[in-house]
Amino acid sequence: MTTDVHQLDDGAWISVNDSREVNVSDLWLLAESEFCRCEPTDFLAEGFVDTGVDPPNIQARIAGRCIACGTEGVTDWLTVGRVIDPESGEFYGVVHDSVHIPEKRHRLADPEQ
Amino acid sequence: MPTKVENWKDEVYGNEIRDRLMEFAEEGWDAIPEDEHDAWFERFKWWGLYHQRSGQESYFMMRIGTPNGVIEPGQLEVIAEVADKYARGPEENPEFGDAYCDWTTRQSIQLHWIKIEDVPEIFELLESVGLSTQQACGDSWRNIVGCPVAGKDKHEHIDAWPIAEDLHETFKGDDDYANLPRKWKVSVTGCDQGCGQGDINDLAYEPAEKDGELGFNVRVGGGLSRKEPRLARDIDVWVPPEKAADIGHGMSALFREYGDRDDRFNARIKFLMDEWGPEKMRSVLQEEFVDFELPRAGEDMRDQYTYNAGGNEHGDHVGVHEQPDGNYYVGLNVLVGRMGVDDVYELAEIAEEYGSGEVRLTQRQNVIVTDVDSDRLDAFLDEPLLDDYSPDPHPFMRGSIACTGTEFCSLSIVETKNRQVRYARWLKDNVSLPGGVEDFHIHLSGCTASCAQPQIADISLRGMKTRKDGEPVEAFDIGLGGGLGENPQFADWVEMRVAADEVPGYIENLLDAFEAEREGDETFREFVADRDEEALQSLADPEETSYDDPYLGNTKMTWYPYAEDSDMQSSPAPTDANDEPLPSDD
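Residue numbers (my numbering), protein chains in the order written: chain V, 211 to 323; chain H, -12 to 573.
Simulated from the structure, these hints should not be mistaken for lab results. Bear in mind the structure is a predicted one, so any value in this text is a computation, not a measurement. Note that CB positions come from ideal geometry on N, CA and C, so glycine has one too. Hints should not be assumed to be uniformly reliable.
[What the hints assert, rightly or not] Footprint (simulated), chain V over chain H, 3 or more residues, beta carbon under 8 Å:
id : segment
1  : 397 to 408
2  : 431 to 439
3  : 486 to 498
[Stated by the list, open to error] On the chain V side, residues computed to face chain H include the following (Cβ under 10 Å):
id : residue
4  : W223
5  : N227
6  : S229
7  : R230
8  : E249
9  : E256
10 : V259
11 : G262
All chains should be built: construct the whole structure from the sequences, respecting the hints.
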């Protein structure tokens, strides 16, 4: 089974295999992010801009703001969860308020994946 | 590459969705194939059904589009009946009870906790009195807005109601315009006060005179969402009323053909306007989408606009106003636009008893009872319902607008309606407005989608988060000095990430500073416009006060913020037709 990932409702949430899995409004701690000068960045997710799959990771670029310094923008790619067994398609979300390191490179998701 | 939403729309969209919707309703929630949930929920929007947020699966928000906010005689009772019978959720809202109607900033009606199994009966009831949910959401012509007292207004030059009605009937259900790249919001106004809010719509018809004939100037590309607010721009076109629909055809066909279907974040026509500018927009419309020569713009009436223009002249339609026929319309204040279902029944009854039975919705979430007999006006004003929905409310009650928020909405960052009710009550009890200020608007939006239209308020509140004593709490960015009128102005964002419990204290301090520093009768909007960012920031500080905020934690983490056991794992959803939890796969 392929893993189907997309953002919906103006970026309000990420769907993984037709199940709502990751929502906006959470705070994410970003380390080494280049998003702003804060270390770590205390990042409010306001909207999911892009989604992708880098098996087993489900990734996203998120629009939002550092609530400490106020910098606004879009993050690099963040792993928001994993689908370890594509056959079951079960999604395991990451703990958003543990520390995450955004990545620059990414393969975009498409319906064939 | 077209988005997934576009691919789903290519497969099934528009009118044809209804048959499948009815099949699913017949068979129940479980009949919607699990691997097609996203596609069907996206499509259901076209028929006014919007899946509620995480933790509330199987429940829908239902939007009923009432063009120009006109609820015709006999319709309101049915709306109340639908809310009473079908819009009751598994938990009560502590401020509003367990069944209510929301009057929206686009003159529509929203109901919550709708189950798919009930949709056929609801449609039958609504359609029996000429109401519909068709195209209330989704990528097509949305509910048409305008001056809510069109046809009953001493200030109007053209009765825009027949035009709004004609556009509604022309473009609802027309397959040629059913699948646009994104939503398409239209405003039609014939009065000289500017209360159609055309400046914030995709397509706006505003009254204008040309060669002695009254018609409309056309503006394109307004909108507030996604931190990208735009005012609609003048494309130098005038149309007589009988050609208004031709412009509607032409502009929405232009949008259909040239709008961005590869990126939904870039799809609204405001972004095409950014790229093209008004001259190219006009020339493409002329060359490719209309078969008559477009007249150049006529003389508009914008210098007379008083609606939300910053002064006290005409901030909304609340109050008692004489109609040209000698009857009266009475605008009643509905705090944050939500009315309990018993009150909706009562409203329908008194509208029938004292007026024609017609009720209208404003773009400030209020209601208007029209056609009240002049000799029965006093008796109408003595009706007990008006104790709670006053035609002469305190300014803080009158000016409070709020969107849906985390109670039901996926996108919102914070709780909105109940909080705004508490803000308004606290401000009324604790804060004085400077002398002569009778109209003061505070619009609270849960996120950047801007459904409460925060950028055009005196004080704009936009949902945020911050930390307090190390803990994440709901918060607001605060903007000042927005409004419409001849020279519309979006709010300046002045104070950022203010904890929600410190917002009332900030407003109190801000108004103290306004009173101390204003010159003469200077309006708040003028006061803000006269100051630079630094001066505005130094005016006031956020502060804790006696205001208590029960929603300070992360309301989005709950399945329903007001449930006794609000933990996401305690959600009964998804449920069956009787609100009983469906068996889980786990």
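We went through each hint and held it up to the structure:
Residue count for the segment 397 to 408 of chain H with a Cβ under 8 Å from a Cβ of chain V: 5. That meets the three needed, and the coverage hint holds. Beta-carbon proximity to chain V at under 8 Å applies to 3 residues in the segment 431 to 439 of chain H; the threshold of 3 is reached and the given coverage holds. Coverage of the segment 486 to 498 of chain H by chain V is violated in this model, with 0 residues showing a Cβ closer than 8 Å to a Cβ of that chain against a need of three. Contact between W223/V and chain H, as hinted, is supported at the beta carbon level, the nearest pair being about 6 Å apart and thus within 10 Å.
Interface restraint check for N227/V: the shortest CB-CB distance to chain H comes to about 7 Å, inside 10 Å, so the restraint holds. For the restraint placing S229/V at the interface with chain H, the shortest Cβ-Cβ distance is roughly 8 Å, inside the 10 Å limit, so the hint holds. Nearest Cβ of chain H to the Cβ of R230/V: about 5 Å, under the 10 Å cut. The hint holds. Taking 10 Å as the C-beta contact cut-off toward chain H, the hint placing E249/V at the interface is violated, the least distance being around 16 Å.
Taking 10 Å as the C-beta cut-off, the interface hint given for E256/V holds, the closest approach to chain H being about 6 Å. Because the closest C-beta pair between V259/V and chain H is about 7 Å apart, less than 10 Å, the hint holds. Interface hint at G262/V: violated, since its Cβ lies 13 Å from the closest Cβ of chain H, which is beyond the 10 Å cut-off.
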